Every structure is written in C-alpha cells, then in structure tokens.
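Trainee: Go ahead and model the full structure; you've got the sequences and the hints to work with.
Protein chains in written order, with the UniProt record's numbering: chain A, 1 to 123; chain B, 1 to 123; chain C, 1 to 217; chain D, 1 to 217.
All the given hints hold, so there is nothing to weed out.
Listed below are the simulated DSS-like cross-link pairs for lysine-lysine, each with C-alpha atoms no more than 30 Å apart in a straight line: (1) C:K60 to C:K27; (2) D:K27 to B:K122; (3) A:K122 to C:K27; (4) A:K122 to B:K122; (5) D:K60 to D:K27.
Computed, partial: chain A to chain B, Cβ under 8 Å: (6) S10; (7) P12; (8) V17; (9) L20; (10) L68; (11) I85; (12) R118; (13) L123.
Some chain B residues well away from chain A (every beta-carbon gap over 12 Å; in silico): (14) G28; (15) E55; (16) R82; (17) A103.
Derived from the structure by calculation, the hints contain no laboratory data.
Note that the structure is predicted; figures quoted are calculated from it, not measured.
The C-beta atom is built at its ideal place from N, Cα and C for all residues, glycine as well.
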Amino acid sequence: MVGIVLISHSGPLAAEVALLAAQLGGAGVPLAAAGGAEDGGLGTSPDLVAAAIEEVDRGDGVILIPDLGSSVLTARLFEEERVVIADVPFVEGAIAAAVSAGADSPLEAVLAAAEEARTFRKL
Amino acid sequence: MVGIVLISHSGPLAAEVALLAAQLGGAGVPLAAAGGAEDGGLGTSPDLVAAAIEEVDRGDGVILIPDLGSSVLTARLFEEERVVIADVPFVEGAIAAAVSAGADSPLEAVLAAAEEARTFRKL
Amino acid sequence: MATGFEMDTAFFAAWIEESARSVAAGKERLTDLDAAIGDADHGSNLDRGFTAVVRALAVKEPDTPAALLTVVGTTLIRKVGGASGPLYGTAFREMGRALGDLGDTAEVSPGELCAALEAGLAGVRRLGSAAEGDKTMVDALAPAVRALRRALEEGSEPREAAAAAAAAAREGAEATIPMRARRGRASYLGERSVGHEDPGAASTALILTALHTVAAR
Amino acid sequence: MATGFEMDTAFFAAWIEESARSVAAGKERLTDLDAAIGDADHGSNLDRGFTAVVRALAVKEPDTPAALLTVVGTTLIRKVGGASGPLYGTAFREMGRALGDLGDTAEVSPGELCAALEAGLAGVRRLGSAAEGDKTMVDALAPAVRALRRALEEGSEPREAAAAAAAAAREGAEATIPMRARRGRASYLGERSVGHEDPGAASTALILTALHTVAAR
Ligand SMILES: Nc1ncnc2c1ncn2[C@@H]1O[C@H](COP(=O)(O)OP(=O)(O)O)[C@@H](O)[C@H]1O
Ligand SMILES: Nc1ncnc2c1ncn2[C@@H]1O[C@H](COP(=O)(O)OP(=O)(O)O)[C@@H](O)[C@H]1O
Ligand SMILES: [Mg+2]
Ligand SMILES: [Mg+2]
Ligand SMILES: [Mg+2]
Ligand SMILES: [Mg+2]
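Mentor: In structure tokens:
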C-alpha cells in the first residue's frame, strides 16, 4: 500500500487531518502526521518527516502532502522516485489520497486521486 | 469587514485552521471556528455555527467554509443573502478568504479569492 | 388513511415515540452500517436526536400536528450532530410548515399527511442536493412518499397505505446496497461505497415503518 | 580575494560564528520583519539554527571547509524549523558539495568560494523555485553572488570583493520592499506583502556582511 505523510507547521492540524483521512481511507492505510517542530511548537521538523516516511513506507511509494510554506520546502528535501509531493488541497487531498491508497491503488493513481480533489464539489 | 466561519466535524481542526488563517489574514479579521459537537466531541452543532456567525458578523456579510459532510449541510441551514457558503478547499480557502477579508474586500471579492485557492500552486 | 381517518396531535406524538423506540433498538445496526461507509455514528447521532425530541415533547406537548413536527425538526437539527440532523430536521420542519400552511388544524387527513411528507422530501432534496440513486436517505424516502400517494389515489385504507409506504422505504433502503454514493461523507469513498446499505436510508425505513405501526393500532 | 588569498577551515568557522553573532543581534528585527508578512518567527528560527550550528562545530570542528559547510547546512535544515531552514541548509550543503567536488582541500581560493556560493544559490533556486523579484532571500543572494563574481573578474582585492558582495546583498534586501511576494508564506498575502522588507533577504544580507567582516580582518 502507498503510504501518506501529512506535513504541517502545526502539530494538531496534521494530526486531525490524519484522523479524518484514516477514518475515510480505512484503518489499513499507512498514514502519518508530521506536524510542528520537534518540541511540539509551530514549525516543521525534517527529523519528524523522515520518521513519518519510514513509518508509512511499505515499499509501494509514499505521498507527501504539505500544507504551505516550510512544509512544502521540507517535503521537497525528501523527494525521490518513490517519494512524491502532492500539490493538493491539504484536507481534501489527504482524504482522496487515503481512500485511493486504501483501495490499494498504485502510487500514480493515488497521486491522481489527490489531485482530483481540487475539482470535487461539496455542494 | 467580511466575517469568516470555519465549520468542521472536528473542533481542533476548525480551531487550528482558524489560527492559521488569522495569522495570515491579520488580527483584525472577524474569524470564528465552529468545529465539533456542543459537547466537544465529533459532530456539527448548528448552535455553535449560529453563535459563530453572530460573533463575526460586522454587517458586511459572512462566509461559511465547511470541510465535508455534515458541515456542508449545517452550513446550508444558514444560507441567506449575506451569509454565503464557500465551496473551497478547507485550509487553502480559509487562508485566501482571511487575507482578502483582511484587505477589507467586499463579500463577492472574498468569495472569489477563496475560490481561486483551488488553483493556487504550492510548488 | 381513507376519508374519515383523521390524525391528531397525539397520533403524531405516537409516531415520533415509536420512531424513537425503533431508532434506539436499531442504534447498533445503524452505526454498523455507517462504520462501513461513513464514520460509525449514525445510530448514536439519531438516537441522541430522538431522545432529545421525546424529552422536548414531554416537557410541553405542542397542541397541533404542525407545531409538534416543527419542534421535532428543530430539535433534530440541534441535537443530531451529523449530516442526518439538518436533513431529518428539515424534513420534519417542512412537514410542519406544510401542515401550518394548510391551516394548522388539530386534525390532519391522510391526503394532508401525504402532502406534508412530499414537502419534507422536497426539503431534504433541496438541502442535500441528492437525487434518487445517490445512495442516501432520499432513496428510501422518495419511493415511500410515492407509494403513499399512489395508495391514497387508489382509495386504499389508511393502514394499507401506510404499509405500502413502509414497504417501499424498506425496499428503497435495500436497493441502496449496490449503489455508489454520490452525496455526503460516503461519496468520498467512491467505488468503496458499493456493497453496503446506506445508513440514512435504513433509518428512514425505520421511521416509515413506525408510521405504519402507529397507523395500524 | 585576489590570488594568494586562501581561506582555511578556521576562516569558514569564523564566518559562521560571525553570522551567528549577527543573527543573534538582529533576531528581533528579523522577527519584526516576519511579523509584517509572515509568522513572526524568522529571527528565532535562524537564531535557533545558528546556535545549534555553533554548538555542533564546537563539539568537533570539521577539518576541511567542505566538511564544515556540510555540517552547517545539515544542522540548519534540522534545527531552523521554518522555510528558511531547508533553504539556507541547502545553500550551505551545496557550497560544501561544490568545494568537495573541487577536491575537498584544506584551503579555498576566492574563485572557488565564489563558485561554491553560485552552487548554493542554484540549490536555493531549485528547492524554492523562486526567481529574482519574487521577494525572497534570492533577491539578496543572487546580486551578492553576481557582485562577487564581477569584482573577482575585475581583479579586486579579496576584502573589496567581499565588501561588494555584502553591499549588493543589503541593496538587494532593501529592494524587496516594494515587491509583491510570489513564494513562501508571504505569497498568500498578495498585495498586502508590498511595502515590507523580506525577512529572508534581510538575513541573507547579515550573512554576506559577516563574510565581509571576516574577510576584512
Ligand atoms: N447530501 C445528502 N443528501 C441526502 N442525504 C444525505 C446527504 N448527506 C448525507 N446523507 C444521509 O445522511 C446519512 C449519514 O448520517 P450521519 O451518519 O448521521 O451523518 P454524518 O455523515 O455527518 O456522520 C447518510 O447515510 C445519508 O443517508
Ligand atoms: N520558496 C522560497 N524560495 C526562496 N525563499 C523562500 C521561499 N519561501 C520562503 N523563503 C524565504 O524564507 C523566509 C521566511 O523564513 P522563516 O520565517 O524562517 O520560515 P517560515 O516562512 O516557514 O516561517 C522568507 O522571508 C523568504 O526569504
Ligand atoms: Mg455518520
Ligand atoms: Mg458523523
Ligand atoms: Mg516565518
Ligand atoms: Mg514559521
């Protein structure tokens, strides 16, 4: 299964979105939140991101979903062939990615699903 | 100034996004989080939403930003001419709306700014 | 519900009490259905809502069916906490409004009840933008209201008409199993929503069955 | 930095220490700049990062300029916590890598330092996708590196060349005031970002000024 890492300046924000996405994606989806600085304050910690990537990596690739600012730049430090950044709405993209990953889709499909979240209508 | 209400099933999620949006929009933006059920658990409370709308209403209109599910339906209960729902990415739309509201834009412009957040690129 | 059969405030109170009982008894099943394609709270949401409704009616029973249904709707909106709260709440409030528009009388004819249910369905559709086939409560409510209208037009007895409505709601709920959700939280699941009964359609079937139970007394 | 002027590991250590001192002294100003168009943490972010860098170098000073710059970059990436962490971290790591590629010698010529700074700038540009005019640290770093290159090509003395680079960085930072941010957190502010100096450009000016200070000793 494709792993998902949610990266935010804010620990609680990443954690809450991870909860929501896990609920919709199913308990089996490898999903981790890497929010906040190491000390729990606002900020982004590459060490937390590295640990989160390791935690969710099942060999099928990992999608990094950043919110904004330093999350995006920190995510970029980890880009490789099988670790890709999804430039998608943070909440909606995370949900779509989790659902797609939960259906055991390959990395490219999970990424595409997350990107489609841009056009999903709520009303 | 246009008021902004963030509606989510999750109290912490709405509160964190409100913090982020307030930081970027400026302290003057009338912004309230209406997340979770009345008892603090998961859910949506129309009473909390009503109180939030009242809190941020400065006479220039109010934008409701729901995340998904019951938040959207609860928001719809409050739609009127000057209380409008923004069907936008929760985090990115809230930030864009807060910045636009902070620049004292009228309701239509704040709504348009929030909708543009759909196409904003992070990379 | 042929001519001559009139429903007073007590009838509506009994319907709501029976619904509350049925939701409480079905709470776990509703939550299990919601666990499959939602967030596992539909049973507790509705039970919380109907418990609050019963309490509100006990404090002061409204004196017309219209007033009673309005209290039911308002209480559900405030207390359910999930998407079904605004939806059922709107359904009952629109029923109350429809009966109020018809004169807010103390007694309601079967035809008036049917018109009120049609107004309730319209309210749900407007609020949730769901069409039949979207795998929501509309898939139980719409066929139930249609069955009731048809039975009345064909001159069925009230209890027969209510039985037809309840059966249509149950069939409608079951028919949601192969559907793919296109509204609400479950719509995020896409294909994964296929193969499960929609919890809101299941609870609608309970509420329509409660109507039949009370009409058959 | 004409021929004959060589920079050893101690020179680079002195540059970093002077940068750390300067960042600590300017902490409040950097944070105030970030308060206007960001989240009011640039001063404390960088101060935290450089404090950690100084501590890391005190524990065990690397024995080549390339190794030292790599430690600086890695530590900044891990400790800064804001967008400037990955950016400055990448800048210093790319400098270290460039010097390593040139042979990882114990002494670096002015031309080699300039090439390393060019590699650092390229790394920042690649990571952050910022061009000049986007109101970021690139608006201070790019003109500084260009000024250094030009001065060396014109045969300036090392301290003169460093002075030109530092002046260009300060001017570049000031020139960000009327710009509208198109990268990073400030870009979300749109028009509201106009009229304020970019904090990252301001800290880049401090770091380049520190280079001049040390070269002039
Ligand atoms: N837009 C909608 N239109 C009609 N019915 C809907 C809509 N959204 C959700 N529902 C109904 O609500 C039910 C879920 O209710 P509930 O679990 O109480 O709320 P939530 O999804 O917020 O947890 C669904 O099974 C579906 O029948
Ligand atoms: N994409 C980018 N490219 C270049 N520089 C950037 C970029 N994003 C941010 N910066 C720089 O980083 C500075 C902000 O750093 P800092 O406040 O430490 O991080 P954060 O914005 O995460 O709080 C900005 O002033 C800008 O100079
Ligand atoms: Mg539910
Ligand atoms: Mg729910
Ligand atoms: Mg900052
Ligand atoms: Mg920050």
